[in-house]
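Model the full assembly from the supplied sequences, consistent with the hints where possible.
Sequence positions in the sequence shown follow the working numbering and run 9 to 566.
Hints were generated in silico from the structure; no laboratory data involved.
Just so we're clear, the structure is a prediction, and the values are computed from it rather than from any experiment.
If a hint is listed, it holds; no wrong ones were tucked in.
Cβ pair distances, simulated, as ranges:
#1 A303 x S365: 31 to 39 Å
#2 P456 x D476: 19 to 27 Å
#3 T514 x R439: 21 to 29 Å
#4 G214 x G491: 49 to 57 Å
#5 R211 x D80: 43 to 51 Å
#6 V85 x R439: 25 to 33 Å
#7 A279 x N433: 57 to 65 Å
Glycine is no exception: its CB is placed at the ideal position from the N, C-alpha and C atoms.
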Amino acid sequence: MPADTADARPLAEPMPAEAVAPLIRGVAVVRQLTEAGGMLSLSGLERATGLARSTVDRITATLARMGYVRLDGRDAVLTPRIMELGNAYLAALRLPSLLDARADALADELDESMSLAVADRDGIRFIHQATRRRAMSLSFRIGDLLPAERTAPGPLFATEWTEREWRRWRERRAADPRDEGFPAVPERPSPGPDFERWAVQVRQDGWALDDQLIEPGLVAVSVPVRDPRTGTIACVASVVSHTSRHTAEDLRNSLLPRLRSAVRTMEEDLAADLREASQGEPVAAPSGLATWTGASKQELGREFVESLARGLTVLTAFGEGRAELTLTEVAQATGLARATARRALITYEHLGLIATSGDRRFALTPRVLSLGFPPLSRTTLPELALPHLTALASRIHESASLAILVGGDIQYTARVATSRVMSVNIAVGTRFPAYATALGRVLLADRPPAERPHLGELRALTPRTLTDPVALEAALETVRSQGYALVDEELEAGLRSIAVPVRDRTGRVVAALNTATHVTGRTVEEYVRDILPELTATATAIEADVRVAGRFTRLSAS
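In structure tokens, the structure reads:
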């Protein structure tokens with residue numbers, strides 16, 4: 009049984025004559041990387057996809073050129089930028105941005121994990137998670153596909169299935185009785201409840217309970233959130249817990265009423281949004297797409313698959329206010345010729361990534377989340393930054409570090425050291441007083457004085473340490489105005505450091521990036537001239553990834 013049977017099923021159908029074969033192959037490579045957790049060797053991709061090695065090389069080279077994959081030796085690694093494909097679906101759907109605050113508030117109130125899920129044929133996919141930080145953490149990755157019959161949302165969605173959809177579910181169950189095609193869940197330990205009878209009961213109850221169907225110890229209660237226009241299920245909200253905290257009966261008796269109340273509020277939010285929303289205009293054509301693909305083809309030659317690169321841009325034509333687009337609108341939004349856009353849309357419809365309505369309008373399906381989103385949906389800021397730190401350290405031949413503010417200290421969360429004889433040796437997790445470091449001054453400068461942590465006594469760590477609060481405030485003002493901090497022998501004699509901020513989507517400084525060296529290496533002027541541009545460029549690259557990865561997921565800073 010091939011991995012992710014539900015995703016692979018459309019490939020068994022006859023390929024339309026106008027489908028773009030390189031695009032189908034590229035999607036297959038991305039899906040295999042996704043199922044492998046985001047990284048797979050090129051030879052592993054060759055075996056998993058059945059493609060020739062030369063084809064795998066060309067596809068991964070193209071994906072790397074687009075910034076969707078990083079080639080690390082013999083491995084292909086998904087990068088955060090590929091999340092823009094899933095972001096396009098989530099933005100077009102609008103449900104995460106409309107309902108996530110309600111889900112998060114209920115998770116805080118109940119001190120339990122919350123999730124929002126949508127239907128994907130005979131499975132479900134999660135579109136939002138609000139988790140509790142415990143040793144026994146219960147959550148699914150956004151975009152993970154689960155079989156409907158092993159989840160609390162599943163029977164709720166099944167209440168709306170047609171006979172054709174039930175037949176497809178029976179065929180899948182017969183072909184894959186152990187759920188080997190769903191890598192996000194353990195193999196099925198037993199047949200489980202009679203799903204068809206369960207769906208009938210759920211229709212009467214209006215809610216559903218999962219009592220350890222996915223795996224032992226996990227329990228969940230779910231309630232549908234209905235579309236106010238049609239009365240059909242827009243998504244399903246679930247409270248997820250562990251049997252050490254709640255039995256299934258506890259969930260039904262104590263948490264279900266609060267979940268129902270929260271869902272009523274969610275439905276009110278949807279109704280209000282419908283009253284206010286208007287269909288937005290398609291985005292303008294991306295500047296220079298044809299020029300970029302042409303230059304890439306010129307530089308990489310046959311290693312660049314132009315039809316794959318152009319085809320993938322079609323998915324990003326969709327978004328908020330652009331949930332459904334005509335062929336003309338897709339062509340305008342991407343800058344592609346109508347014929348090129350049409351063939352890409354036909355290909356995606358064949359793959360189940362795009363659905364069409366009767367008036368020939370196109371919309372993304374939840375299956376778009378299978379393109380790289382799940383393994384990256386839990387990416388932390390240090391994990392995201394590490395490849396950029398590695399590249400920076402190799403260019404400047406100095407250590408590179410990322411740090412956050414913890415109380416009045418900085419704490420190193422990612423670091424790449426050099427192999428020089430005399431180098432700065434600091435381990436991840438190390439803390440230093442924020443006031444005496446370039447990293448700390450960047451982090452402190454972003455906060456108004458009233459919101460800064462208490463720094464305690466400003467002790468002199470070296471003869472050059474700033475210990476006067478007025479002088480420190482003046483130094484922070486300089487950092488704010490010039491955009492970087494330079495600290496010379498204030499933390500340790502002989503040590504010089506320069507740092508720049510790393511900002512999130514809102515412009516808030518979430519971390520600081522620095523490098524440090526011995527003062528004998530360069531003068532201060534040379535250090536700023538040579539190193540600051542490299543630091544700034546690296547921070548910009550990290551911020552670009554943060555904007556994509558943090559749009560619909562929570563990017564932990566540590």
